[in-house]
Amino acid sequence: MSGPAVEEKQPRIPVEMVRRPPGTCFPWEEKVRELPPIQGDEKLVQQIWEEIDTLAYLYIWQCLLSF
Amino acid sequence: MSEEMEKLYQERLARYVTAMRNGKPDRVPIRPFVAEFTAKYAGFTCQEVTHDYRKAFEAVIRCARDFDWDAVVPNMVYVWTGLTTAIGLRYYAVPGIDLPADKPFQYLEPPEERAFMRPDEYDLLIADPTGYLYNVWLPRVCPEVVSPGEPNTMRNNLSFVRGGMAMMQYFDAFGSQVERLRHQCGVVPALAGILKAPFDILADKLRGYKGLCMDLYRQPAKVEKACEALAPHLLKVALLTSDPNKQLPVGLWMHRGCMPFLSPQQFERFYWPTLKWIIEELWKQGIQVLFYAEGEWNPNLKWIAQLPEKSIIYHVDRGDIFEVHHVLGEKFCLSGGIPNDLLALGTPDDVKEHCKKVIDGVARDGGYIMDASAIMQDDTKIENVRAMTEFTRQYGVY
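Sequence order for the protein chains is A and B.
Using our numbering, you'd call the opening residue of the first sequence number 1 and step up by one each time.
Using our numbering, you'd call the opening residue of the second sequence number 1 and step up by one each time.
Isolated chain B (complex conformation) (with noise of 0.2 Å):
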């Protein structure tokens, strides 16, 4: 590696790391989360990059390389395919073979009847979550496996020897990923590890958001007991794959907690205490959270808000970024608030117009890191792209 690349990325790792920390440094990061646009610049299909993880980090280290951003996700096109179809996993439709090969891939959830969780297994899930996962979730949801006292198959057998040895494979080349984006363009990787709510893990794959709707009413306190025993687990798996260093954030990618999936009464009692918790947690052990807000988030901001200082880097979707920026900007750091409409259809002047309200609006004193509202996908201009990247350089410097 060069000494010239070195010194870029830690120059890009101090701006981000201390705006994440809600400081000021010299200027405003760039850090857009950028899945399929990648595919759209580097010429590859929806397919490839979905289904060919090498094609994927190749996208982005192409873009890294042409953009002047301080932090990317190494692949944000994150389900690989290619995986999910070696062990039958069926609640994704795949480009290229269910779905045309350009477009993005799609989560299928299953009629309420088919929940992969039935409403009377709470006590089963509660009792032991791993157990049930591997038992009773699993069997459901790759017709390969199949379940404990069922006859043994050798399409059982090689379901876990692809799949433990693809999911190696994959999370492995994350680290050269990782040295290559460091080496080769002086780029930082802006997330490490994974976590979601444990509401949303109850919705997203378990009983299905429709059925944990009814749930709410039919069996509330089962709810709220299985996103206790869950919360741990969750609190477990961010720990295990987060950033050995504590500089970059876990990534947290909410979908079923804000308006008008859930009523601020019903964010209160079910989504917001166990994933509260968990936060607190990872931050008592120095690690943020990347708090993904997607959708509208702002009738819950006073929850959000209770949250220790720092302890989030709070991402702007639909919500009024600057009525965000009031309440919580004291003591978090933003992102997002780029309007994903405005990139796909406005011009490069309307996107320059938008980043100086939003700079001038949030980011004065520092703490805010420039992105679009929500991931980035194959309709985004790359024009804008370049607009917002440029102009956010020549503006944003303190």
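So here's chain A without its partners, still in its complex pose (with noise of 0.2 Å):
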């Protein structure tokens, strides 16, 4: 089928200079400046960061790959 009539959409472009490895979004390495000093564990802290970070990667590529 021919595409779909679509009104132009141009985004200005602020690509964020940040490494993003495979499977990331937002390092932890850039989320932990953001953050207090840690009281606490910080592995975990940096576990669950990146497990969350992960379904948003996640959901852009299957955005991409499935839907």
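Note that these hints are calculated values from the structure, not bench results.
Treat the hints with care, as some may be off.
Stated by the list, open to error - Within a straight-line C-alpha distance of at most 25 Å, the following computed DSS-like cross-link-like pairs (lysine-lysine) qualify:
no.	chain 1	residue 1	chain 2	residue 2
1	B	Lys357	B	Lys24
2	A	Lys43	B	Lys236
3	B	Lys284	B	Lys310
4	A	Lys31	B	Lys236
5	B	Lys246	B	Lys310
6	B	Lys7	B	Lys24
This one's a predicted model, so the numbers in the text were calculated from it and none came from an experiment.
Assemble the dimeric complex from its two separately framed chains, guided by the hints.
Laid out in structure tokens, this is it:
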């Protein structure tokens, strides 16, 4: 089928210069700089951040691949 | 679950896995790729199974209960248009909205000048694929999503909340569906996980096929670099979504790699290197790929033969399955090869005759799984699927 008639969208593109390895949207190394000094178990905070960040990664890549 | 059902499940799992490893099981496994066929069988419209995944799941269960199949995809009408509508994805024609309720969903490719990725954006994609998708691609394919720097809107926020929660709900529901298939039907899920070739992603969702064809001549090095930039991400998604037990293959759905979309020379240069790398990396981790060779792929068999033994299950669509068996049969399990036009227009006797020819020609030493050539939609006759199933059960015994 031919394409949809759509309103043109020309996004301004302030692509952040963040290195995003596969599986990552916002790396822990960047996130930890925004947090106050971690008083408890830093590994736990990192692990949970990375697990949830991976969901955001899967969201956009699943939009691309599956939907 | 009854002991009898679990025994049936284990028998079917062993049969399916043995064949996929190119071995000889007790009989030829049957794993039909049935999409809108399930709706026809269960009495649903295309709109119902596409827009309400619960009905799609129910349709698969009804088929799995009634046909003696070893494995089936838990939902082959995979694009849940409830989700795509909720987030405003603009590249689908949805049954019941854009199309009559009895027509399967369609993918809409935009005109070349409105491709979702512009020809001068390769460097952005190559530098940061995930950032490009969120910042550039998503606002273009979802009108409700605003670009970075634009004023935010409630509709933008809602798109992410709806999309994230709906996607979670949908994928979680697959877990229950797999359990239902096992406990109620004794049937194995045919696949786990998703993979696409980097070149196909560029063609399908970014540059469009026509735009990409121009790029092959105008900026070929950028196309190669873009495939290389996408490949580690496509590998990562395949790994994250694959079967943790490493028994089921990741589904690889290929669109533009075959003749006549690409010449063999273009295939060798642009399509194959990154896809080969992904498949080899998956196989290093023991994960097989269901290599769904949609269209005519026989001119590319010499490259596919380079893959490690057993790393793929090669699904035959329009290629000559006997030639495929001659070239690849020693290394890989094959599936498919029963023409869809025969299943839609032929008689049960025609179907049985063709199944016999295929079983005699390619399945004698194992390493074959019975299926249609391409995914079965609602034009497939129920009596012909029954004939394919019953004949294979009777004749396909080792």
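Hint check results:
{"no.": "1", "hint": "B:Lys357 x B:Lys24", "verdict": "holds, 18 Å"}
{"no.": "2", "hint": "A:Lys43 x B:Lys236", "verdict": "holds, 23 Å"}
{"no.": "3", "hint": "B:Lys284 x B:Lys310", "verdict": "holds, 11 Å"}
{"no.": "4", "hint": "A:Lys31 x B:Lys236", "verdict": "holds, 22 Å"}
{"no.": "5", "hint": "B:Lys246 x B:Lys310", "verdict": "holds, 13 Å"}
{"no.": "6", "hint": "B:Lys7 x B:Lys24", "verdict": "holds, 20 Å"}
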